[in-house]
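So the protein sequences, as listed, match chains E and C. The first sequence begins at 1 in this note's numbering and counts up by one. The second sequence begins at 1001 in this note's numbering and counts up by one.
Hints in this document: simulated from the structure, not taken from any laboratory. Please note: incorrect hints may appear among the correct ones.
[As the list claims (entries may be wrong)] Restraint-style ranges between C-beta atoms, simulated for each label pair: (1) E255/E to R1014/C: 40 to 46 Å; (2) A230/E to Y1012/C: 55 to 61 Å; (3) N1008/C to G22/E: 34 to 40 Å; (4) R11/E to G1009/C: 27 to 33 Å; (5) R1014/C to E15/E: 22 to 28 Å; (6) M1041/C to V155/E: 16 to 22 Å; (7) R1014/C to R11/E: 41 to 47 Å.
None of the values given here were measured: they were computed from a predicted structure. In this text, a Cβ means the ideal position worked out from N, Cα and C, and glycines have one as well.
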Amino acid sequence: MVYEFRYLAPRTAAELAAVLDGHKDDGKLLAGGTDLIPSIRNGIMKPKVVIDLKKYSGADRLSYGADGLSIGPAVTINDILRSKDARERYPVLCDCAHELASHQIRNRATVAGNVVNASPCSDMAPALLCLGAKAVIRSATGERVVPFSQFFAGVKKTVLAPGEFLSAIVVPAESAGARGRYLKLKRIAGHDLGIVGVLMTRRDGELRFAVSSAAPTPVLVDSVTVKDSADEAARKVLASVSPISDVRGTKEYREHMIGVYARRLFTEVK
Amino acid sequence: MRIQLTVNGLGYERDCAEHRTLLRFLREDLGLMGTKEGCGMGECGACTVIMNGRAVNSCMVLAVEADGATIRTIEGEADGPSLSDIQKAFERNHAVQCGFCTAGMVMSVKELLSEHPKPSADQVKEAIEGNFCRCTGYTQIVEAVLDLTGSPEKKGELEHV
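I would like the entire structure built from these sequences, with the hints used as guidance.
Structure representation (structure tokens):
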């Protein structure tokens, strides 16, 4: 790697919170490392201390209980795909997980890392938004719970303050059984960041859309109802996003494809 | 930091700089040069090794993260002059040209076969979606795996990779 940094691997969540508290300015959390390590290598991030959160007991816990599916910060994307609870109760979560990067990256990248990075093109955020998931945020001074609909604050920004970390993601039990599909526009399977991504879920007649790569943050759209036409649904989705032109696609192309995907999902997801 | 790990069945204990990647550690500290560095940022898969049973890009793992881990690399495949079954299948099906991707490719296939001994063509394609090959066009690689496993669907047509 390009420069020397320190590596710390706390053994308990409390110790992690304390270590993070002591390195608010110069520390970076390491989960799967699939973003952090290339960022360090490319000079985008220069932490003096890298704090590995995978080594504390319970960090990789993935369990289903009365509150729903609890996803620890070290749970990888492929852990989700291999989980019977996730596959049977939250197929939408698996649909999005399956679209994320390549097999090797899914073996390392974590669900928590994917949302904490707060990339507009996050593939897990649409599922967590549509399923009404909550972020359990911990620090040396306590714990707070924030729904993902209020978690993203801007491009690569979240509501996490220095010293805080995402200690669990809880997907509520009442969202179990939601049907849906994630359509991600990309050039090649396995590698590409999405040009746009649209997820629609349907549960008990309630429809939700979530869109990635189409605004500064992933966007949840919950105004579409079963009484709308496909065109009305697409209009409501488009009214909620603000895509830009960049190296991956133009604003016009993105808008067009979001409309295509919204209409297709509205018609096909029953 | 002092780290201990098992690579291809052999135990190693070494002092390792905390900012060193597993890839560099394997190549430069242990002298296992079979694993290659391509892009160095998780795109190309040339550096794929198996860590605790899972194929990972070793360029994105710190060696200190692998403390206590069990690693398999391409050097663990052949037994002396005798190639492994995966390697033989690659050779038989002309799945190697320049060879730079092969070490990573073989590791990805090895993880696939440990979980799915008879994969479909689609499963093979998904397993190697993180491995770039700029020579073969992938067809021979998929065919090599299907040839090895005797899977019924012995075609390597690639629609989307």
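*Supplied distance hint 16 to 22 Å, evaluated on CB atoms of M1041/C and V155/E*: holds (20 Å)
*Look at the Cβ atoms of E255/E and R1014/C and judge whether their distance stays inside 40 to 46 Å.*
violated (54 Å)
*Should the hint that R11/E and G1009/C are 27 to 33 Å apart at their CB atoms be regarded as holding?*
holds (28 Å)
*Regarding R1014/C and R11/E, is the given constraint of 41 to 47 Å on their beta-carbon distance met?*
Given about 22 Å between the Cβ atoms, the range is violated.
_Please check whether N1008/C and G22/E have a Cβ separation lying inside 34 to 40 Å._
holds (39 Å)
*With respect to the beta-carbon atoms only, verify the hint that R1014/C and E15/E lie 22 to 28 Å apart.*
Between R1014/C and E15/E, where Cβ atoms are some 26 Å apart, the hint holds.
*Evaluate the given range 55 to 61 Å for the C-beta pair formed by A230/E and Y1012/C.*
The hint (55 to 61 Å, Cβ to Cβ) holds, given that A230/E and Y1012/C are roughly 60 Å apart.
The earlier numbered hints that this structure contradicts are 1 and 7.
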